[in-house]
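Q: Now for the letters of each chain:
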Amino acid sequence: MPSLAGLFFWMNRKIENINKITITKPLKLDCGKTIKNFPLAYETYGKLNENKDNAILVFHALTGDQFVTGTNPVTNKEGWWVTAVGPGKAINTDKYFVICANVIGGCMGSFGPKDTNPENNQPYGLDFPVITIKDMVKAQESLLEHFGIKKLLCATGGSMGGMQLLQFCATFPDKAFSAIPIACSSSHSAQNIALNELARQAIMADPVWDNGKYVSKNVQPKNGLAVARMVGHISYLSEKGMQEKFGRKLQEKADYEFSFNADFQVESYLRHQGYAFVERFDANSILYITRAMDYFDLSKQYKGGLVEAFKNQDTKFLVISFSSDWLYTTKENKDIVIALNASGADVSYSEIVTDKGHDSFLLNEPEFLKTLKGFIDSMYEKFKNEKRI
Amino acid sequence: MKSLKMKKEFKVIAELLPNNTRVLDVGCGDGSLMNFLKEEKNIEVRGLELNQENVQHCIHKGLPVIQGNAETELHQFPDQSFDYVVLSQTLQAFYNPEEVLKNLLRIGKAVVVSIPNFGYWKVRMKLLFFGEMPVTKTLPNTWYNTPNLHMCTIKDLFKFCYEKNINIKQVVGVNEDKTSLIKKNNLEIKNLFSKLGIFLIG
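Going down the list, the protein sequences come from chains A and B.
Under this note's numbering, the first residue of the first sequence carries the number 1, and numbering increases by one thereafter.
Under this note's numbering, the first residue of the second sequence carries the number 1, and numbering increases by one thereafter.
In isolation and in its complexed conformation, chain A is listed as follows (with noise of 0.2 Å):
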């Protein structure tokens, strides 16, 4: 097994091969920092075509990035949307141009906390600024005047990616002519950020943390953050969805061992997911992004809360939910269609009935897909024709 120093090595050099543009114009965050000449990082699948009519957007949600699908080069793992995204798929690449960036703050070739400070030439750490899903949205706004775009077609996101995509359709209401958002919400409750707060916890209490500033000694406080990543990984999935994937099944053995060793099989799955998502992600990483996800409520952003958030939107709306998922509820998601209701916008909604909880939408869930195909290929013939008159 190689060295974390060494994987990082490598980690770093296929990330200077990945697609990237630099935003040279000033970026004011919220925090009130203003960034420029900083790097975002991207990945496209299928061709933009003539009239640049058939680009789709997707965001990406905590722990993703830009490689939606195919196989990830950093990783060499399926891109993360593989079930949505690709020929022939839901969203058709054969058909469609998708762009998906990587977020600021993230750690996939994008200006994040392991940058390089030039102030010290110290990685930023955690003198990184505290970004917002509203300045991710920003940054990321900058590329479809990169590939001369002047309206999506659609653009989409689950969970963090949703908020991103609200967030979007709220701060640039006409660069979108559809958007779908998914399985998210416009505000994080007091349950997500607690659950945030746990993943937190766990890497700060990691010693290996060292105040953010592990990176300059290329390691990484791998326990922390594999901790980080299980309380993710439960609140992904439902109670009956684990109950019927685990039950009590022990982990190949016969009877309880009588010690702390993962007996059982959700304990090994966790310590799986744990240790597998060390080697990709960056905990300083998780730490900005869950931070961004706590601070998001669109309703604070305007005076008149979500319904005003929402006003004059000529973009066409198509909200899932999941009705397992007890991260982002179904009400949160009638909520979000609720004000788009109440403001005019041009709204459907569909609850998918599934006992997969939260993961849904990253999974083969045929009515799922079924809803998002149909939804953009009849978007597709809307926006086609209304650009022809």
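One or more hints might be untrue.
Straight-line alpha carbon distances no greater than 27 Å define the calculated BS3-like cross-link-like pairs of lysine-lysine that follow [what the hints assert, rightly or not]: (1) A/K382 to B/K11; (2) A/K47 to A/K28; (3) A/K370 to B/K61; (4) A/K175 to A/K311; (5) A/K311 to B/K11; (6) A/K150 to A/K384; (7) B/K41 to A/K384.
Some but not every residue of chain A turned toward chain B, in silico, with C-beta under 7 Å [to be verified]: (8) N341; (9) A342; (10) F375.
Just so you know, the hints here were simulated from the structure itself, not pulled from any lab data.
Beta carbons: idealized from backbone N, C-alpha and C, even for Gly.
Given the coordinates of chain A, work out where chain B should sit on it, guided by the hints.
A: Just chain B now, with coordinates in the frame of chain A:
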């Protein structure tokens, strides 16, 4: 539930609705009526539908639809946010049709409600001569599996509107391909010979 010749009912409803208006179709099914209104009358349509498969059909047709239960989720639509609200052959299936109607009148400036007429002569005959709950083309289910909890006649709905001070603008009776206006003076006879009643109220 929607088993009577769809096209005729939709045509009558479409005739009641002026062009270029905003219409909410409550219980919109697979979106056939919405599509018809959109295509024929340039009406801006929205739908509310409970069944996931039907919701998918609407979405595939590019029709905006919200998955939800009209019984419990009408509150999400603001007051007077639509010119018309349409409720096709589902009033009788609600636990509390009075509350639903009240909500529809709050959301729409006017409401179109269609009901399968329990006063239709064949329905009456079935009960009178056979002593059985009627099963007809418009009412295809048996007593133990019918979604219809509050069957009523055209006359019942007339009376209801009077009692509740709801303004009746127009009532159309439908029997197969024939339609006729129903007024106070022909109510008894039309209540006997109409399979379906379509009310424009509010």
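Q: So, for every hint listed, does it hold in this structure?
A: Comparing the hints with the structure gives:
{"no.": "1", "hint": "A/K382 to B/K11", "verdict": "25 Å, holds"}
{"no.": "2", "hint": "A/K47 to A/K28", "verdict": "32 Å, violated"}
{"no.": "3", "hint": "A/K370 to B/K61", "verdict": "13 Å, holds"}
{"no.": "4", "hint": "A/K175 to A/K311", "verdict": "14 Å, holds"}
{"no.": "5", "hint": "A/K311 to B/K11", "verdict": "34 Å, violated"}
{"no.": "6", "hint": "A/K150 to A/K384", "verdict": "14 Å, holds"}
{"no.": "7", "hint": "B/K41 to A/K384", "verdict": "22 Å, holds"}
{"no.": "8", "hint": "N341", "verdict": "6 Å, holds"}
{"no.": "9", "hint": "A342", "verdict": "5 Å, holds"}
{"no.": "10", "hint": "F375", "verdict": "5 Å, holds"}
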